[in-house]
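Model the full structure from these sequences, guided by the hints.
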Amino acid sequence: MSEPGPDTEARRIATEARDRARFEEDALGLADQVYRVARRLVGSREEAEDLVQETYARAFRSWRSFTPGTNLRAWMLRILTNLNVDRGRKVQRTPQTQPLEETDYYLANKVASAAGEDALETDDVVERLSQDSIVNALSDIPPQFRDVVVLVDIGDFSYADAAQILDVPIGTVMSRLHRGRRALKQRLAEEALS
Amino acid sequence: MGAPCDRCEELLQDFLDRTLTDAEWREAEDHLGGCDYCRRRYRFEESLRRYVRTSSVERMPPGLMDKLAELRGLDATA
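Note that the protein sequences, when read in sequence, are chains W and B.
Going by this note's numbering, the first sequence opens with residue 38, and the numbers climb by one from there.
Going by this note's numbering, the second sequence opens with residue -1, and the numbers climb by one from there.
It cannot be assumed that every hint is accurate.
Stated by the list, open to error - Partial pick of chain W residues on the chain B-facing surface, computed with a CB cut under 10 Å: (1) V163; (2) S170; (3) D204.
I should point out that these hints are in silico values taken from the structure, not numbers from a laboratory.
If you're wondering where the values come from, they're calculated on a predicted model, not measured in any experiment.
Glycine included, each C-beta is placed from N, C-alpha and C at the ideal position.
Okay, structure coming up:
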C-alpha cells in the first residue's frame, strides 16, 4: 500500500470539514425540539439550557459516530436523556415516591366528583391547569416513566424511536408510558384539585 | 361502575394511541356507544392529552441558539 499523496489528504480533509459543517447545521436546526424535550425533563429553564448545551457539546465532539441518513433527532435525544440520567445521579433530585397504580379514570373521576359529570364534556377543567402544573406534575413522576411520557406525548416520538433513544425494548416503552401517564394524572389531580 | 366500564377503562390508553386490535376496537366502540360515563372520560382524556402536548410549545430562551452555534468545531479531545 502506498501512502496517500498530499492531494488525497487535502481532499479528505476538505470532505470531512464539509460533512462536519453539514452535521452541525442539521443538529442546530433541531435545537427548538431538543430544548422542548429538555424543558420537560428537568425542573427549571436554567437547567434545561445547561442540559441542551451539554448535549450539543457532546454531539459536536462525537459527530463522527453519527451515521448519516439515520434519525438525527433520535440520536440527539439519546445523548440528552443519557446526560440527564448522569446528572440525576449527581444532583439527587427530591426523593421520588413510586407512582401508585391508579386507574386511567383517576383524574376524570376526581374532576367529576369536584365539578360534576358535565365538567368532563368541556375543556374548562383541562384549560384551568397551568403550564406550571404540567411541569410540576412531570417533575414529580419517577424519571424512567417521565422520560417516556415526555418523548412520546410531548416530543412526538414513536414507540420505536423512544425505545431506541432509551435503549429499552418497545414493550418496556409501552408499559412505562401507561404507568407514566397514570402517575401524571394522579399528580395533576393533586395539583389542580388540592 | 361494573365490569364493562372497568374493561373500557383498561382499553382507554391503547384506544387513544390507536394500538388496539380490531376486536378490541369494536368492543370499546360498542361500549362507548351506550355508556355516558365512559364516553365522558374518554373525551376528557383526549383533551388532557392535547393539553399536555400544547402546554409545551415553549420557545428557546433568547441567546441559547448563539451559545449552541458557538460550540461548533469542538474537538473530540477537548
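Hinted contact V163/W with chain B - closest CB pair below 10 Å:
OK, holds: V163/W within 10 Å of chain B, min 5 Å.
Satisfaction of the S170/W interface hint, Cβ to chain B closer than 10 Å:
9 Å, holds
With a cut-off of 10 Å, does the beta carbon of D204/W approach a beta carbon of chain B closely enough for the hint to hold?
D204/W check fails; min Cβ-Cβ to chain B is 22 Å, beyond 10 Å.
When held up to the earlier numbered hints, the structure conflicts with hint 3 and nothing else.
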